[in-house]
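Quick note, the sequences are listed as chains A, B and C, same order.
The first sequence stops at residue 306 when you use the numbering used here, and every number in between is there.
The second sequence stops at residue 686 when you use the numbering used here, and every number in between is there.
The third sequence stops at residue 1116 when you use the numbering used here, and every number in between is there.
Bear in mind the hints are in silico, worked out from the structure with no lab data behind them.
Worth double-checking, as some hints may not be accurate.
Derived pair list, reagent style BS3-like, types lysine-lysine, alpha-carbon separation capped at 27 Å [stated by the list, open to error]:
#1 A:Lys55 / B:Lys535
#2 C:Lys862 / B:Lys490
#3 C:Lys734 / C:Lys804
#4 B:Lys535 / C:Lys1099
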Amino acid sequence: MSDSPRQIKANPLWGFLGKTAAYIVMGVFAFMTIYPIIWLCINSFKTTPDYMLDKVGLPPTWVLANYVGAWTIGSFDKLIGNSILYTLAGAAGIIFFSVLAGFGFAKIRSRATAPIYGTFVIGILLSITSLMVPIFLEISQIDRLLGDLVQNLGWGKTTDFHLFYNTQFGMILIYIGSGLPIAVYLCTEYIKSIPDSLVEAARIDGAGYFRIFWRIVLPMAAPIATTVAIITVPNIWNEFALINIVVSDNNLKSLPLGIMRFNGTMSTDYGKQFAALVIGLAPMLIFYIAFRKQITNGVAGGAVKG
Amino acid sequence: MEVVVALTLRNNAEKRRAYWSFVTPAFFLYLLVFAFPIVISILLSLSDYNGGKMFGGTPWSIIGFQQYSKLFVDPSFWLALKNNVYIVLISVFGQLPLGFILAYIIYRKIVKWGEGWQAVLYVPAIISVIVLGIMWKLVFASNGLIADIENHLLATSFSNGLGSILAGAGGFHITDGVVQQILKISDPQVIASFANPVQDLKDLILGGGYDAGHLDVFKTEMTNLLAPKWSPDFMSKQDVAMIPIMFVTLWCWTGMYLILFLANMQKIDSQIIEAARIDGANELQVMSRVIIPSLSGVLANAAILCIAGSLNTFALIWAMTAGGPMNITQVLAIYMYQNAFIGAPNFPLANAISMAIVVFSLLLIALTMYVEKKFGGKEE
Amino acid sequence: MKKLAFVVGLLALIIAGATAQDKVPVKFLYYADATQAGYAEDMANWDKFKAANPGIDLQMEILVNQPYHQKLSAYISAGQIPDIMTVWPTTRDSSALLQGQKLLKDLKKVLPADLLSKFSASALDVKQQTSGQISELPQSFTYTTTVYANAGLLKSLGLKVPTNYAELKALVPKLKVKGIQTLLLPDADKWPAQSCLFSTISGRLLGDEFIDAVKAHKAKFTDKSFVGALAFYQQLYTDGVIDKADVNLGYGDGPGIFASGKAALFVDGDWRVGAYLTDKSTGKALIDPAAQKDFELVNFPAIPGEKNKNSASAIAGVGLGINKDLTGAKLEAAKKVLEFYYSKETMTMKWETGAFVPARTDLSSTKLEPLAVKLPAYYKTVVKTTYVLDGALDPSVFNILNDGLQAIGLGVKTPADVAAEMQKAQDALK
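All chains should be built: construct the whole structure from the sequences, respecting the hints.
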């Protein structure tokens, strides 16, 4: 009998304490989150001298000069476009390839799975910091080899050929590659929980594997894809160490690099730095707030299993 | 019979094709980014490379595990490792349970506006670490928020104490006894800077042009001079200095796990939960008997991600304290960074540290998976 | 499908990359701090160069701080050192290899003699650079110890700028009652205490001969003289001259505290002047030009027992260096870039925007703010310059000194302990 379920009340006192505790914890965390953002926004309208004299109060005069200065000096118009490109292309690439590989690992038996999948898992443990210089070495060598190849094949005379270093293409590939370990791990684990029967049934109906992937697995993987997106998008958006190494052309740089420009050694022009930080934070916040419903729905959409 | 065999063969071939065409792109990209660098990293950690051109410059060679044995006896390494362990502990036993409990509370609608809380609690993970670093310094620095509040309190209490001393002496009568009483409530450091405290302070007061008519000026100035100052001493003590950092780490990442757990909780068939509630289970029992077992795989996953993330944590701590003061909040990743990029680079040592991080991660993950196998429930 | 896309992409990029280049490409890795005074003028200046030199394709990569050093490290390891880059005279981060392994040209042999002759002798001193040659032409000669004194504030309290330690110490209680710090030294970043104060203390009490002797294994840090120098540093804290709380104060917080009158004296390098001058983009200055006359720049007061009176620690500033392997058209182009940078016009512009005081001696300007004018006057009062310890010592040693000074300030280590640790590290160097 499945009419409306009756709620049996738990011990009211415990419930009340629990609720209060929860509200307190969340409230404190929320305050710790919101206050800095508000503080940052307010102080981005202070001139640096005003900030140095009073860090906490309201600006004696509200100025826009910080934003103007930061935007022009940092050439943020170019940078935002690049950041969007890297983030979207990177995230899309990561999701696509990791669900694809996850499908392969999870649903198709092969002896190669253990070692290959294991390699991915090890990748989760590595930090990019230690690998920065070798990555640079690697791509500059690859580019040199390719450049020699091109010259030998007579396809053109280039003194400065690069396919990976200092190109958007190369940067996107590297972002995808570096985000794959976690994504592949999560996707594989998730896809394992999709019933084999679904796949078998489709096979019996004569569907090819790619079709199964495209029509069945990929849509069903929406929740984990969303999770991967949630992890990946901010990671790429805020990333600066790797892109600093791989890119030197100012036209290809991303937003975090522009912000880092204002993080000086000897002195800090706080005003412009704050303006730059707000410019960097705003798109992320907007994205997150605007797509909040989609994110929670996308996540909840996987609630009903076939 | 032959048809079946033929079909199976075709099937297998197709399977293999599919498998490889699905797995290869990801694998290729992954190797592109990581393979060569990992190999180089391992090689460097075993070498005597001293900077300069890596290929084609002065030749360097593999000299064995010297760097690792150096690490073994390096106190900085063990300190960094200890700090990392703190981070791992707060992450695995802080972020995960807290994220889980909050996710559960939101899922079971025990608090209102779950959607909003979810969003707000996740935001720290997307704020750039530069902002977090600035806020940190603002709050904890010796001229920061906490210091301001504390010093204000100390100053007020000193001022009141001074007032009662004077009242006890019957007004502005400065005798040795009064001076001694004042010294009792004063900052010991200031006292130490006087060669002859009682005499010097007495001379200071008498020579300072103070009088009974301007007691508030007297009080203010004495407070400035003598009131104990709060200093963030805890920031300079090993271990204790890690506590605020642990707190910020907790705040920063709990939201991500909250979302992860919530997402997976929503996959659970709500009928089961209702059935359990009808059978008389309270929330605690629902959580432990129904939810946790279904999510044990996810929990293990999250623990693995958590461990990997916390052993590699760099940017947040670097932005807050840069490992200081005096390197007491240093973690392995910062120690590695210092050896790779600060001062003359010592790549062999840096890469040895990085390999050490991998080894520890593997150990901890193996431990986690063992625990999961033993205590984990069945997933559907 | 994916293979096809890959090949198409490859072809497209090859075609794109195959454009011929007529101009001489010069890779320039430039260290420029967007938060420093004069950044915008600096960039505009480089645009002028590019416009005036259409035959040179100046590919500038502008970085600062960590990203700069990391990138240069990567370049060096890959053997792709830029054509021109910003270099430190000693083993500071990425320059450690550039200087240590002599990867740059000797500018004495590259730049025209008449340009070099315009630079001060101390800037051209090869002993200032680890490589023993002019690997970079110092754009300035930096005095790392400058005491900024709020003379107006002191006067209003009936006090004056101290000239010896006794006077300095006497100021402490008188200022403290008013809630004013005596000497401000923010040391959260570790290096200021060593670079901006202790180096001068060491220079005054011990002189450069001592440091040379230690490096030659003829003296030790554990000798009484050096421990005594550390002890004097400690005394500054126990006497209340420097506030213990400042050990945890961020470097960027200093100017604000000083400018708002919460500290009477502030010790930092001469580069800090820029923090107080007018920011052209907002028109605001931390210390209003009209108020700048009430501030003075002086040397650290006389220390009891000092050998060298009125000395201050100083070191050659940063400058541009040229890749050792450049030849032909690229080398000529690089020379042009350097000649432009070190020209009268550019150096004067840097001076006027408060970026630094150039080492070029033939400049004059009427556009300087009062505080900036006081710098050369201060330099003249310095009788002798001494080592800056992070330029003279090995990183493994001065890092211990940096940490040690923090520990001494907080009272958790004694001078003897720190000296012993330093000596241990020094002994490990052979």
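Against the structure, the hints come out as follows:
Of the pairs offered as hints, the one joining A:Lys55 and B:Lys535 holds, with about 21 Å between alpha carbons and a cut-off of 27 Å not exceeded. Restraint check for C:Lys862 and B:Lys490: the C-alpha separation of about 19 Å stays at or below 27 Å, so the hint holds. For the proposed pair C:Lys734 and C:Lys804, the alpha carbon gap of about 23 Å is at most 27 Å, so the pair holds. Distance restraint check for B:Lys535 and C:Lys1099: the Cα-Cα separation of roughly 21 Å lies within the 27 Å cut-off, and the hinted pair is therefore satisfied.
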